[in-house]
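Since chain A is already given, all that's left is putting chain B on it; use the hints.
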Amino acid sequence: MSRLALSAAQDPHRRDGIAPGLLVGLLCLLVALLFAISLAIGYAPLDWDAAPHEIRTGDEGLASLILTQLRLPRALLGILVGFSLGLTGAALQGLIRNPLADPGVIGVSGSAALGAVGAFYFGAAALFPLALPLGGLLGAGVATALLLGLAQRGISTTALILAGIAINSLAGALTALALNLSPSPYATLEIVFWLMGSLADRSLDHVVLATPFIMLGVILVLATRRGLEALTLGEDTAASLGFSMRRLRLLVIAGTASAVGAAVAVSGTIGFVGLVVPHLLRPLVGHRPGRLLLVSGLAGAALTLGADILVRLIPTRPELKLGVVTALVGAPFFLALLLRLRGQEE
Amino acid sequence: MIIEARDITLLRGPCPVLDQVSLTARPGEMLGLLGPNGAGKTTLLRTLSALEQPASGDVLYDGKTAHELGRRELGRTVSYLAQSGNIHWPMMVEHVVALGRLPHDHNPQKDAAAIARAMEAAEISGLAGRTTGTLSGGERMRVLLARALAVEGKVLLADEPVAALDPYHQLHVMELLAAQAHAGVTVVVVLHDLTLAARFCHRVALAHRGKLVATGTPQDVLTPERLRAIYGIEVETGTRHDQPFILPWSRAAIAP
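Keeping their order, the protein sequence lines are chains A and B. Sequential numbering of the first sequence, starting at 1206, is according to my numbering. Sequential numbering of the second sequence, starting at 354, is according to my numbering.
Just so you know, the hints here were simulated from the structure itself, not pulled from any lab data. Errors might be hidden in some of the hints.
[Said to hold, decoys possible] Footprint (simulated), chain B over chain A, 3 or more residues, beta carbon under 8 Å:
1. 1429-1437
2. 1484-1495
3. 1532-1542
[Unchecked claim] Once the Cα atoms are required to be at most 25 Å apart in a straight line, the calculated SDA-like pairs of lysine to any residue come out as:
4. Lys564/B with Thr418/B
5. Lys463/B with Ala1428/A
6. Lys463/B with Pro1225/A
Every residue gets a Cβ at the ideal spot worked out from N, C-alpha and C, and that includes glycine.
Just chain A, with the same shape it has in the complex:
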């Protein structure tokens, strides 16, 4: 093997990526740094000397309220939502072996958005604040049940994705219908704003609600690591290597639905993270779809935290929505990336 390693090290075409442990470590550091920055900034000034003392003594002063009710939920959701989007984007791209996939293609995010819009439309959102994410979870749950039913029957990956696209279109149409029939312009505005995606004004309740679903999704998706690696050579070869395609599809779809459904339910739709992040990271892991999963999750968390910090630094009123910023930054960046990659291939 040493001879092999030697010949490989001398090859100028070698594109191995950087050592996986180092990459994960660096990304963890980046996420930790951005998490700290996210805690440190905000509109309401935070007294950093008072907050820890107040939390220790159980004194519900202004400082501890700002930290635990405003800053902490926002930063935690940034990590959870971003990790979900990055991870599931990488998993779906691996499953359909197509870099165009993003977590939205299976229709769960559209359905979660529809569920939340339903909570607005039928007035539940006005009754209690958690009605929105609960509506989102319900919407995601219905779409997930439909997809899993299809996957269980052993239909092909292509058919499954087409079903997801159909679900997405239907959810989009019903969301448009709700807007069309919305009783007041104010309600319309509220729905439209929510749909743009944001982490502002979320509470720890949102975090508690989303975390179990996101954790479950992350575990399911990470379990497909080796299977996705085998899929590089197509479904037949993966099956011949001992992987059940039906099980692999079920895990990716169920995991993505759980994580992204919960993420959209608490944050609205945040575009481009799930599409761009795997592209960005793929060369760093030598294009290996299994290796890509964890690092895409971490980079997704970093990107979402970063964008959410940017949102608060840009002094506009009303505050820019996170989904608007990720799309505004993401789309041109993505185009530039594609042009650069194309240049390399030629």
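The following block gives chain B in isolation, referenced to the frame of chain A:
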């Protein structure tokens, strides 16, 4: 390992793609599957590798069914080289070859040794650090072959491994497969080239419309009369250095 198909029937809708097919391949043997397009060769090979479930009949691996062996053990035992040589991501060659180790329990030292052996056997050790996007067709097929060899299974099933290669690389890949058979592996290979089949295979099975019409040594099976009836071609045959060659020459007057 002895791989045995017993009275396999496989349906697509109401039509049998394989009709009561029986076939046995033994360790150390290179068995060629031949027949016109649509004869059922690929389906038979996929059935042998348990990728297709027959409507009736059994495939036995040393007397055990795929179910008895289990998915994982089957993955370790039967190595399948697919017809479409797709490599979906531009990964490094040694990472592609390493995919053959996935059915095995993770053991870095054993895996590295098996990968090195497979790359040596497929003569691609020099390509270790290259990405798959930079390979020629011949290099690519040998990389995929090395991936299949890295499984270190007892059976190697290869679906048209030389179809897209130039004559030099066709001979090269056939020699590599023959070396595997020589080392005791059970090799079943789907081929279109009659001369390569006659030269390299110990036995050949000729498929036609879902049935095996003849199984035996190339000399016995690949007769001009049979090739005319099955393929609808006239052939020129002969020997060179005691080795047979079969040259398709013209289409027969009567279509098959």
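A quick look at each hint next to the structure:
1. 1429-1437: With 5 residues close enough to chain B, the hint holds.
2. 1484-1495: With 5 residues in contact (Cβ-Cβ under 8 Å with chain B), the coverage given for the stretch 1484-1495 of chain A holds.
3. 1532-1542: Since three or more residues must qualify, the claim that chain B covers the stretch 1532-1542 of chain A is violated, with 0 doing so at under 8 Å.
4. Lys564/B with Thr418/B: holds (22 Å)
5. Lys463/B with Ala1428/A: holds (23 Å)
6. Lys463/B with Pro1225/A: holds (21 Å)
The structure fails to meet hint 3 from the earlier list, while all remaining hints are met.
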